[in-house]
Amino acid sequence: MRLLLVLAIGLILFLIQRRVYKKNWLKGLQVDIDFEEPVVREGDKNALVEVIKNDKALLLPVLQLKFSITRTFIFPKEKNSAVTDQYYRNDYFTCRPFQIITRKYAFQASKRGEYKITSIDIICKDIFMDKSNFATSEEYSTVLVLPARIRRENINDDIIRFTGDVVKRIKINEDPFEFSSIREYQPYDPMNHINWKATAKSDLLHVNTFNSTNTKHVVILLNLDMNLIRNAEELAEWSIKIASCLADYFVGEQIPTALYSNGTDYETEEPIGVDAGCDDGHVRNIDMALARIQVKDVCTSFVDLIEEHIDREADNDYILISNYRKNDFADIFYELKREGLNVSLIIPDFDYADITPFAENGNDTFKWVINYEK
Amino acid sequence: MKSRRYYNLAEAANFIMVILIYISVVEIWDVMYKVPFNFVLPAGTVIMLLFSLAIRMIFGKMKSFLNNFAVYGLTHAFLVLGIIFVPIDPLQKMAFAFVLFIVFITNMRSYFKAQGQGFEYVGVVLVLLPAIGYLVADILSLRTTMFAYFVIGVAFVMLYYFRLFFSNAHLLSIERKNNEKMPLDDMLRNDSKLAIPFIVMSFVIMVVAKIEKLDSLALFLYDKFAAGLRFVLRYVLKFIGWVFDLLIRSDEEIPVAIMEEPEVTDSAANPVFNIISVIIFVFLALVLLFVFVKIMISVIKSLSVRKEIQTQTIEDEGMIEIREKIVRKRNVKKEKLSKIRRIYKKAIEKNIKKGYELKKHHTPHERAEDIQKLMNEDIFELNSLYEKERYGQFND
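Top line first, the protein sequences correspond to chains A and B.
Residue numbering for the first sequence follows our numbering, starting at 1 and increasing by one per position.
Residue numbering for the second sequence follows our numbering, starting at 375 and increasing by one per position.
No wet-lab data here; the hints were simulated from the structure.
Here the structure is a predicted model, which is why all the values come from computation and not from measurement.
Check each hint, because a few of them may be wrong.
[Claimed, not checked] Where chain B lies over chain A, by a calculated footprint (3+ residues, C-beta under 8 Å):
| hint | region |
| --- | --- |
| 1 | 6–20 |
| 2 | 55–61 |
| 3 | 99–105 |
| 4 | 284–294 |
[Said to hold, decoys possible] Restricting the straight-line Cα-Cα distance to at most 20 Å, the calculated cross-link-like pairs of lysine to any residue (SDA-like) are:
| hint | chain 1 | residue 1 | chain 2 | residue 2 |
| --- | --- | --- | --- | --- |
| 5 | A | K104 | B | P557 |
| 6 | A | K53 | B | L595 |
| 7 | A | K326 | A | I355 |
| 8 | B | K584 | B | L595 |
| 9 | B | K551 | A | Y88 |
| 10 | A | K116 | A | M191 |
Yeah, the Cβ is synthetic: ideal placement off N, Cα and C, and Gly gets one too.
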């Protein structure tokens, strides 16, 4: 019977170590997965940060983390992951007693949106790597990818001229009580703007600059209902980028800018809308709203959106961004023009597309040419 | 280490386990027919297993139409012929036929599952075979066979541990092919620092548990130790006596001849000597225990992080890894402060026990005044320290 006892001891020791790991592996173990920057712009680099804290004397020889994130994040090497509808990561660690391991994986955010890591599966194995112990951490790490800025070479000269005209039209007179900044004198500056104190200090002529006080706003109305189904998503993304770019430009010129769209927020499912403003954080607010927009779900028709947000009493500038150009929209656009409102239309479309019934580079209608990539 | 090497190590451990199982079966046969212990059957079993290993390897690499279930089964006919023509006792031939039957069945099962590509891992439950054999040998009072079964049983368990470790290391290294960032070597190095002491400890405990008379062994060790101590003590006393004689009788004639051995009283009968030897024995045991604990602590320390911060950067793969040690600094100042608060609390509680009624609306200073007035005790010095600690910065 002594041999049975001996063999039982061998088995009991094995079960004890298994039990020790089962009971204690999670104690003092903290797993955090987060993003280095909570807000980035599309195309920018960010990093996924995994932090494992093992605050106990037990070695965790094999610790595995499994979680999924959007596949639009491009990691340099994809071998330790599976990309299907999501990007499934599977990372291994060996965690010594009383150790903190921080791993950073650089990636590129390739698409606008708000992305979350909702849960992490943690798997730990015992000394003989035989028994796997599981736990799930309910973690909510979020990263917001703002729409990309469009490069200067991708912007048509007519559009630049048009936006300049809008600024000129709104900022006709400066307000002497709205001090903006001090800069060096230029030949076109009036003499009464010279700041003599600054000039005396720097030995160079300096002038005060002023903002204009105006009640005029720029209202950008963004339509995410496309003219054709083909390439609709790509065109919608370009429309969002254009809206973001224009808002940035006008707010930079201190012009109160509002943005409304018939696209909905992906979480609240409410239509996107940011009221007029031109403070420091306003562009960020607009970008954040545009980042959360979902292109496949349009809550109202663009015609209804126009009717809702155009104020015929106010002297605002309205910029409509719409690839949709069917008759109902064309009718209301020309009707607004006839009423004497400052309404302009930007039609984002591919270079080969015809934007009939609108003129490509008319006074108030512009085609934003997108290079078609197969 | 490459994944194939872990696989081979796991297979080697498994193969030895298979051999141990077959040897157990052979031994059972031996015991049942009261055949005295000999090496013919175990050696024959090993040859049979090597043959089956060879055919498994050949069939594993064979890609022709001959690699099928029937041909694989028919190759065992060579073993049958071997048993028929080998010049041994008919009883042993029967035993071989019994072993061959088991080899054949397990080989066919393995082929059916893996088409000759690999081994079928033997389960740990099969350790019951040597256990049963041990039981039978114990009943028949066959000491050598019992010892053989004990070795087989313990070796089986040890090999099971090793096989488990290597097979899982193999699985992990396969996983690594899909996950280049997995720190496999680090994992296995750290893990082996736990697994190997665990296996050694299991082995020691199993062997110690096998020793039937632990108490008599302890007594035996103690007797030997006490005898050694007596021996040393006798010669020490003899030396002291000789030195004493040399100094006292320096004026007298020094005897050239070897001194007669002084009569030494039997120290074993002396209770003082027994107490001293017990104390020394326990002391030495404690020293050994201390050394063992120190070794264990050093093993644990070797597992923990030595440097406070280690940084590993793999730039090509866009990964940075930083490893830090969790350092808990003792907050000496805080401990000092809380000590003052504890003393203050005790002083107030002492007065409450004496009959002082605590007024919660009092400030500490008012309370000190109240205690002096009612209890005639001066706690102003303690109070000022308490106030500094409780309400302000404590600056020495």
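Evaluated hints:
1. For a cut-off of 8 Å, the count of residues in the region 6–20 of chain A with a CB near a CB of chain B stands at 8, and the three-residue condition holds.
2. For the region 55–61 of chain A, the stated coverage by chain B is satisfied: 4 residues place a CB nearer than 8 Å to a CB of that chain, which reaches the threshold of 3.
3. Counting residues of the region 99–105 of chain A whose CB lies closer than 8 Å to any CB of chain B gives 7, so the stated coverage by that chain holds, three being the minimum.
4. Counting residues of the region 284–294 of chain A whose CB lies closer than 8 Å to any CB of chain B gives 0, so the stated coverage by that chain is violated, three being the minimum.
5. Proposed proximity of K104/A and P557/B is supported: the alpha carbons are some 15 Å apart, at most 20 Å.
6. The hinted pair formed by K53/A and L595/B fails the criterion: a straight-line CA distance of about 48 Å is larger than 20 Å.
7. The straight-line distance between the Cα atoms of K326/A and I355/A is roughly 10 Å, inside the 20 Å bound, and the hint therefore holds.
8. Distance restraint check for K584/B and L595/B: the Cα-Cα separation of roughly 18 Å lies within the 20 Å cut-off, and the hinted pair is therefore satisfied.
9. Only pairs whose Cα atoms come within 20 Å are accepted, and K551/B paired with Y88/A is accepted, the gap being roughly 16 Å.
10. Between K116/A and M191/A the CA atoms are separated by roughly 56 Å; this puts the pair beyond 20 Å, and the hint is violated.
This entry does not satisfy hints 4, 6, 10, going by the numbered hints stated previously.
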